[in-house]
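Chains as they are written, first to last, in our numbering: chain A, 41 to 326; chain B, 2 to 318; chain C, 110 to 448; chain D, 88 to 415; chain E, 8 to 509.
No lab work stands behind these hints: they were computed from the structure. For every residue, glycine included, the Cβ atom is placed at its ideal position computed from N, Cα and C. Fair warning: there could be bad hints in the mix.
[Unchecked claim] Just a few of them, taken from the derived set where beta-carbon distance is under 7 Å, the chain A residues facing chain C:
1. Val169
2. Ile176
3. Leu257
4. Pro288
5. Gly298
6. Leu306
[As the list claims (entries may be wrong)] Restraint-style ranges between C-beta atoms, simulated for each label pair:
7. Lys172/C - Ala88/A: 44 to 52 Å
8. Lys487/E - Leu275/C: 30 to 38 Å
9. Arg289/B - Pro238/A: 32 to 40 Å
10. Leu135/A - Phe104/D: 26 to 34 Å
11. Ile433/C - Pro275/B: 40 to 48 Å
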Amino acid sequence: MILPRRLRLAIFLLTRSFASMLGIVLVTVILGLALLGPVIVPYPDHVAGGIDLANKLQSPSAAHWFGTDEVGHDILTRVIIGARLSLLVGIGITLAAAAIGVPLGILAGLVGGPVREAIMRLTDLFLSVPGLVLAIALVAALGPGIVNAMIALILVWWPGYVRLADSKALSIRAEPYIEAARVAGAPTFRILWRHVLPNSLSPLIVKMSMDVGQAILAVASLGFLGLGAKPPTPEWGAMISIARGYLPEWWWYAVYPGAFIYAAVLGFNLLGDGLRDILDPRSHRG
Amino acid sequence: MTALLQATGLAKTYATRRTAFRAASSVAAVAGVDLLLPEGGALGLVGESGCGKSTLARLLLRLVPVSDGRISFEGRDITDLAESALRPLRRRMQLIHQNPSAALDPRLTVAASVAEPLRIHGLDLSRLPELLAEVGLPAEMLHRHPHELSGGQKQRVCIARALALEPRLLVLDEPTSALDVSVQAQVLELLAGLRARRGLSYLFISHNLAVVRQVCDRVAVMYLGRIVEEGASAEVLGAPLHPYTRALLASVPRLGAGGVVARGEPPNPAAPPPGCPFHPRCPMAEERCRAGTAPLLREVARGRRVACHLVGGHLVG
Amino acid sequence: MDRGLTLYLARRIGLAGLMLFGLICLTFVISNVAPSDPAALAAGPDAGRSQIEQARREYGLDKPLPEQFLRYVGDLAQGEFGRSIATGRSVGTDLLRYLPATLELCILAMLIGVLVGVPLGVLSAVLKDGPIDHVTRIFAVSGIAMPPFWFGLLLQLAFATGLGWLPTSGRLSVMTLPPDPITGLMLVDAVLRGQWDVFREGLSYIILPAIVLSFPCLASILRVNRGEMVETLRADYITAARAHGVTPWRMICVHALRNAMLPTLAIIGLRWGWMMSSTVLVETVFDWPGIGLYAVSSAIAGDFKPVMGVTLIVGLNFMIASLIVDLLYGVLDPRLREG
Amino acid sequence: MTALLEIEEYRLAFDSFDGSAAVLDGIDLTIEAGSTLGIVGESGCGKSVLARSLLGLNPSPPARVASGQIRFEGRDLLTLRPAAMRALRGRRIAMIFQDPASYLNPVLSIATQMEDAIRGQDAAAGGAVRARRAARAHAHSLLGSVGLPDPARLLASYPHQLSGGMRQRVLIAMALAGDPTLLVADEPTTALDVTVQAQVLALIAELVRDRGLTLMLISHDLGVIAAACARIVVMYAGTVVEDAPTRALLEHPLHPYAQGLIAAVPDLDRPEITPRGIPGSIPSLLSPPSGCRFHPRCDRATARCAAEKPLLRELLPGRRVACHHATP
Amino acid sequence: ERDGAKKVMVFSGNQAVPVLDPHMRYDWSTRMIQQSVYDGLLKYVGSPPQIVPWLAESYDTSPDGLTYTFHLAANAKFHDGSPVDAEAVRFSFERALKMNAGIAWMLKDFLKPEKIVAVDARTVRFTLEAAFSPFISYVPWWYIVNPALVKANEVDGDLGRKWMTENGAGSGPFKLRRFDGNALIHLDTAPGYWKGWPMGEEKRLGGVIYRIIRESAPRKAALQRREVDIITNITPDDIGQLERLPGVKIENHPGFTTFGIKFNTKEGPTADVNLRKAIAYAFDYDSLITIHNGAATLMTSPFPASMAGHIDVPNIPRKDLAKAREYLSRSAYPNGGIELEYVHVQGLEDPRRIGLALLDSLRALNISVNIVGQPWTTMVSRGSKPDTAPNMTSIYVTPVGTDPDTVAYQYHRESWGLYYGMSHYDNPEVWQMISTARAETDTARRMALYAEIQRRIVDDQPEIFGMVANRLWSMRDYVKGFAFSPVRFTGEVDLYPMWIEG
Ligand SMILES: Nc1ncnc2c1ncn2[C@@H]1O[C@H](COP(=O)(O)OP(=O)(O)OP(=O)(O)O)[C@@H](O)[C@H]1O
Ligand SMILES: Nc1ncnc2c1ncn2[C@@H]1O[C@H](COP(=O)(O)OP(=O)(O)OP(=O)(O)O)[C@@H](O)[C@H]1O
Ligand SMILES: [Mg+2]
Ligand SMILES: [Mg+2]
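So that you can see chain A by itself, here it is in the shape it has in the complex (with noise of 0.2 Å):
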């Protein structure tokens, strides 16, 4: 029964404010493209690397809405499997970073000691590199490639979660309840599971949420420095990066997947915003 009430709470403060609904509608059509783009694109043949220099760099028209780009592919059907790969990307991205991220955070919250200083200050290390320079810096070495791309933001991105995880055990560690467990003679990872995790996931789904649009902005940046995706892999980034070079006259080759891009990082930056508002205790109040 009070479930409901919830669900429909979280129903309610959702919809009552346009940028989490605006963030869903986004989400949901990057998500649906993503699922249904090799079905729905007019030239799935143009992913594949079929090309047709014969019809290279069209303005838009009816048979190719987005134009075309340089050696003939339709930029519609591009950018549509390019959601894809963003979107698997972005969440690949964020899923293996808090995977490595949260347990270390949540073990240098809850045992302290030299295990966290250990912890924290490697942490502080990755994190005293601001991301893109250190992953370039990593693709440039590994070699580009959308795997290698992965691997260097990943390695740039686990120690967020280090730093959010740690704070929530941190903080929840201090409660009452933790004593509580604590007393009735709960071992540590007892505690660790049942009580730590399940109440530090709130922010962790935000900042999740928030990443996956940031990490898909990361690979478009290294995308766009020739770090990211190869040819004939659709990828925004690395689409905007050859399309520079056919500015101005080709205007329209730039601007489609940079929108896209634009559209995907703010559809899941809104979520994390609507999400929090769901999940926020505080915002209850009114």
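Chain A is fixed; fit chains B, C, D and E with the ligands onto it per the hints.
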């Protein structure tokens, strides 16, 4: 009467880390406490905020590391026991927190919260409804979350959770201070009944003297990490010896208002005054109170201990 | 300065040193996992085998890795960042040349971020849930979601190519001589030397990249500031200030903002650190001759010494920024100042 | 004696997702100039909301005034425009709060906060705003008048450097900045230790006496109210259930809730009397019980109590009670 | 732009000039500035490229091809006024050989520093270790530096390397005014240049600015707005747009830079000549032309068309799927089903697109292509060994001289592992012919050998012989004196004869 719980010279010092603008310092939250709780007894611990009541309670339950002194429980020294060795003992000593809202995991239902200790110790879960009934909660509450309960109900759940392991000792850290008087009376009734039925021992912390007098047969008064007076509650609260105890009693608001005895406010425990820690606020302070070490807790009459230079033999007998 | 603060600073600096060392190790490891042969790069495209071998010796690349590492650390200790493999130039000299341009860009962007972000945040919080608030919130999220490189291209398309109001890229036009350096920051130097036309021209070049660079930063500041202001305006002491009859203006701008500025300051510090790395994208788009562009072009060429150098500089900058933020926190928050 | 403040049929609701909570449900009470009135009631019964209503401090939304009047010196506060309300705050009606630690701005010095309050009062009075220096001098004297030693040093300090009692005194001094007529004290001692509580209560009593203030003191501690006020209003779930002189109420409460409340307080001096709790707990204000809001917990409740809301009637001279069954 | 009474021409390209030292390194942008600041003994001009006397008025060759004697112009002087004498020439060649970087590879196997003799102030004699016919074709790239200046700025015996990075010590038509290798280089015309000016003193420029604009869009915009007068690095797709601009003209010339896709002939599937042939016949050569909007010509031999000795090899593969399938069926992979790696230099647009075209073409053979962009260094170090070399690598090669040996030698055993030797071409008979040809002094016999070499190489198909892309510049119509010479690198122009009209 055998001692269920005994502490000798128990001390806890907290060190604070240095930051950009603050030097490292240490706070003697508990500074040498001797204490004895007999089997089946109820000892009240009173004192102003920050005097170390909660810290003492957690020390006794081995929830914070001990800086100095010894603790024995059921006649066994538990000061240096490892957490794993302590775990079986935990069944017999339980804690009730001040704020029942914070003491319950917000994600667990009442049933899950109360069942948690049973699960940990691999006990039979079927006693759950019985437990709730014992603390006066209807069975329909089992599937509620804490935020759907009133303060008094939450505190009952906490008590049920503590009782689940059938403890002998219950440490209650201001169990009613977050509750309304009408609810407080309900909880006190419950606690009194439980003690009578189960023969529990209470270490009952409160700053409300009237409540302590209701619940406890003995009272210890704490000031700045030390016990300054201890004895049977009727005696200590009826005829206080230590100037601080007197000040406390005089401050309790009553119709028509009494005289103010204590000046000033509790000093910062990080920089306690020399000599008797109470001397800056004591209306009777003399030269000898201002210097030297803190007066020791002495037995001034049978079962009555006071730490004050000014309380001498003349009161004895 | 009291002893406590000195000790604290010493500890922090020691810690920063340790981190810097960690960073050096990290970059060194990264630069050596690359499968490329730096010596081939050093020797040039048409070089024969003997020349490659000579380059290898010359750059010490024939030495075992631990020795190379020790050498690198030793050089760094003397302020030497090593030589770029691709160009043979000293990385330290190059960094010195490009850093001011990046700093200038970052400083201007940060100014925009703070001067626009903070007031907008306050406005949005005060008019919470009103139309202005909604617009500002979407604007703020946009700042974080907008790919800087794309935004830069759009601005170029609009203001440089389309309207022709502003130049597309670079730092100054071809014929304009930059003022003789005093601070290295061109705009400041132009003012100091009284070269107002250079200043104006420099401004027209820097404004687009600065806007692009400032957008995410502005957005973060706005978000944090708004959030904190909303929280603060709910705080009990604000209720009290109202009850005491403090004027609304003063209540918002002093009583509330002072509190909200603390977390805002933290985000400013953080963003300053990130900004240095965003320059990688912005400088690429606007051909801004700073360390970001330097890093990217070197990375793409497989030339790691410059990348390592830039990484170290960016990391150092980040550490300094967080130290300054911590100290400022102490200044602004009396609770941290003493017991 | 004339009525300084008259509250009539005041209803206020808080709107939220779950519906509208009738937090104040027809409050009726009067404070005579120069008198001391205490308000008691369980947590959540609307005491603070009522106090904040007097200064227009309830955030709206979610707060919504449904009906009623609050007349202060003859003017209805509920219809005042914001500027007029600001002019009243602190100058005619001042307020002190429960937790002194959270009601002082942690990052501003005491001097700044006091100066702003004083200058704010000047601005509200419409006269010349005095210079900071003059404001500081005034702050200095105010601190002295609440019995704080060494005001100069105090002014230079920040809230965290003060003890709880000192903070509450500073807040009291700030409340006095506009030389108000009515002082609303919302649980001013709840966060303090008993010893300090006694000191602060003594200070308030002294100020009321010396300055001829009218006091409205809110607390859930009957002892505190009894020690400081001549008259007590008992509130339950947003309604006034009893209004009586202190001694009369304590000795002979008429409303079953007031009786229960008094019986629940343990008495230090009479430990032999076991306090008795009131069964049940306060109702949700989202769907308050019909009729008398207390009836679900009342052992004397009848069908009438559930159906009909009892009016607050003057049962004895100077004593009003809202109960169908109350008899003198 | 103007500088006082004289005009200044602004040239814009994408490539920085990190090091100016003519003995340290070269690439198109660097050499363009070097060519302006320094003079060589000889100079390449025109199309087809001719070698003309420059600092050397003439030279003699001994019949055995071992001794070359150069006679210097009398009036040549460095920018500081000191004469360009035989000692300066000797010093410069010695410096380049000692530094063993940049251009040194061209001569170092044949020329030892002690064999360079300043016979008198105006005569220098070089004695080679062995006969080396291409010698003269390399000499134009050996610039003469001012020994006094170099020595004055020498630190720790570095031969002035540090100083020369950003300073000029030449006798060329221009001298440095401002050097910021990553942004802008400002050259002033050297007053009273010893060689005089072809357009006359009247019309000559006041100077030249080389401005680096990395992206093509802003570069084009700058040309459109007359901020710059001439730009390079434009894509074939830009031509149409630019041509339509009033007052803008295009220079579009067949170049010298060959594009090929090198197979790894030693390891992996491509070690099989049948597979190589299959791929070569499957490849859609027309796409090379389409990608370049027609501004390219297909190669008909391993040698570029304007190189001496070039022949059209008759059976050079063109797209022919039937033949491709036939070769495939003879290979170890008659049904395809393999994936081949195609590596190109990261960031280069054309090879990436050609990769896409290759990918598209090979789908017909059921062969998939993994297109990988890698930094130059990585690519080169991978290519240095057969077991790490990619299956296919796209390589541009610009011969630095007009002598056929320059290209032929790429197929010699000695070139294995170098970037143009990534195919590790293994045919001892061809190697022998190459060695013979470079020592041969009789031109006719040499050319006959080279014709045979070209045929044999095509037979072995160590690479897909691609195309020679046209070189493109776009300039305002008032820019005059542009003289194309294919022997220069991609964007490089000879600034000396240029001027601005009106
Ligand atoms: N974890 C800790 N770290 C540092 N100091 C602490 C810590 N816990 C308690 N203290 C200090 O120890 C002293 C005693 O604290 P404690 O909580 O035991 O007091 P208390 O008597 O329970 O007060 P209250 O009535 O407010 O609950 C206080 O001065 C407090 O600041
Ligand atoms: N800003 C608000 N928004 C929504 N509901 C509120 C708000 N402020 C108070 N309430 C509700 O109004 C009711 C009365 O609150 P109030 O603070 O007046 O109680 P109180 O009698 O002062 O209690 P306490 O003794 O705990 O201070 C409560 O149910 C509370 O939840
Ligand atoms: Mg406590
Ligand atoms: Mg209240």
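* Status of the Leu257/A interface restraint (C-beta, 7 Å, chain C) -> holds (6 Å)
* Asked: Is it true that Ile433/C and Pro275/B lie within 40 to 48 Å of each other by Cβ?
  -> Holds, since Ile433/C and Pro275/B (Cβ atoms, about 41 Å apart) stay within the stated range.
* C-beta pair Leu135/A, Phe104/D: status relative to the range 26 to 34 Å that was hinted -> Distance hint for Leu135/A, Phe104/D holds at roughly 33 Å.
* Asked: With a cut-off of 7 Å, does the beta carbon of Ile176/A approach a beta carbon of chain C closely enough for the hint to hold?
  -> holds (5 Å)
* Just tell me: holds or violated, for the beta carbon distance of Lys172/C and Ala88/A against 44 to 52 Å? => holds (47 Å)
* Under the criterion of a CB-CB separation shorter than 7 Å, is Gly298/A in contact with chain C as hinted? -> For Gly298/A, the interface hint holds, since the closest Cβ of chain C sits about 3 Å away, which is under 7 Å.
* Against chain C, run the beta carbon of Pro288/A and see if the smallest gap drops under 7 Å. => holds (4 Å)
* Are Leu306/A and chain C close enough, Cβ to Cβ, to be under 7 Å, as the hint says? -> Check passed: Cβ of Leu306/A comes within 4 Å of chain C, closer than 7 Å.
* Asked: Regarding Lys487/E and Leu275/C, is the given constraint of 30 to 38 Å on their beta-carbon distance met?
  -> About 32 Å separates the Cβ atoms of Lys487/E and Leu275/C, which means 30 to 38 Å holds.
* Asked: Do the Cβ positions of Arg289/B and Pro238/A conform to the proposed distance bound of 32 to 40 Å?
  -> violated (58 Å)
* **Hint validity - Val169/A Cβ closer than 7 Å to any chain C Cβ** => With a closest approach of 5 Å, the Val169/A hint holds.
When the structure is compared with the earlier hints, a violation turns up for hint 9 alone.
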